[in-house]
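J.: With the hints as constraints, model all of the structure from the sequences given.
Going by our numbering, the first residue of the sequence shown is number 536, and it counts up by one from there.
Any given hint could turn out to be false.
[Claimed, not checked] Okay, the calculated beta carbon distance ranges per label pair:
| hint | residue 1 | residue 2 | range |
| --- | --- | --- | --- |
| 1 | A559 | G634 | 30 to 36 angstroms |
| 2 | R610 | Q587 | 20 to 26 angstroms |
| 3 | Y599 | F624 | 21 to 27 angstroms |
| 4 | R649 | R590 | 17 to 23 angstroms |
Think of the hints as simulated: they come from the structure by calculation, not from any bench.
Ideal placement from N, C-alpha and C gives every residue a C-beta, glycine not left out.
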Amino acid sequence: MIVVASILSLLPSVLAVADDLRSAPPELACRQELLLLEVWRVQNVVRAWDYQHERRGSLNVYSYGWLKIHANQQRAIALAAFCPIAVRFGAGELTVKSGDEIMGSVINGVWHSRLAP
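T.: Shown next as structure tokens:
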């Protein structure tokens, strides 16, 4: 019973931290994710990302580099690019494309690959 009381006493501080994360700008809340995108940009997998529309974004990739990496890496990159949308709006959509070809999308935090059956 003492352990439960100790844990419950920490709850207000945990909730305060969670509230701070929601109010943090995407540049801070998604710092690691944006660094991941930069790493893949340098390796010629990611070309650019854009968040000009509310609740929508796009990730432009090089098809050769994108198709060469493992599906788990594609998912991680797409979810990293979705992070600023999630922080700002809580939900939305990110389209992953190479030129006019759609490679997949993240809808409300769920990755949908064009290559998956």
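J.: Quick one: are R649 and R590 within 17 to 23 angstroms, going by C-beta?
T.: The hinted range 17 to 23 angstroms holds for R649 and R590, with Cβ atoms some 21 angstroms apart.
J.: Is it true that Y599 and F624 lie within 21 to 27 angstroms of each other by Cβ?
T.: With Cβ atoms ~32 angstroms apart, the hint is violated.
J.: Does the Cβ pair R610, Q587 satisfy 20 to 26 angstroms?
T.: holds, 24 angstroms
J.: Holds or violated: 30 to 36 angstroms for the Cβ distance of A559 and G634?
T.: The hint (30 to 36 angstroms, Cβ to Cβ) holds, given that A559 and G634 are roughly 34 angstroms apart.
When each numbered hint is compared with the structure, a violation occurs for hint 3 only.
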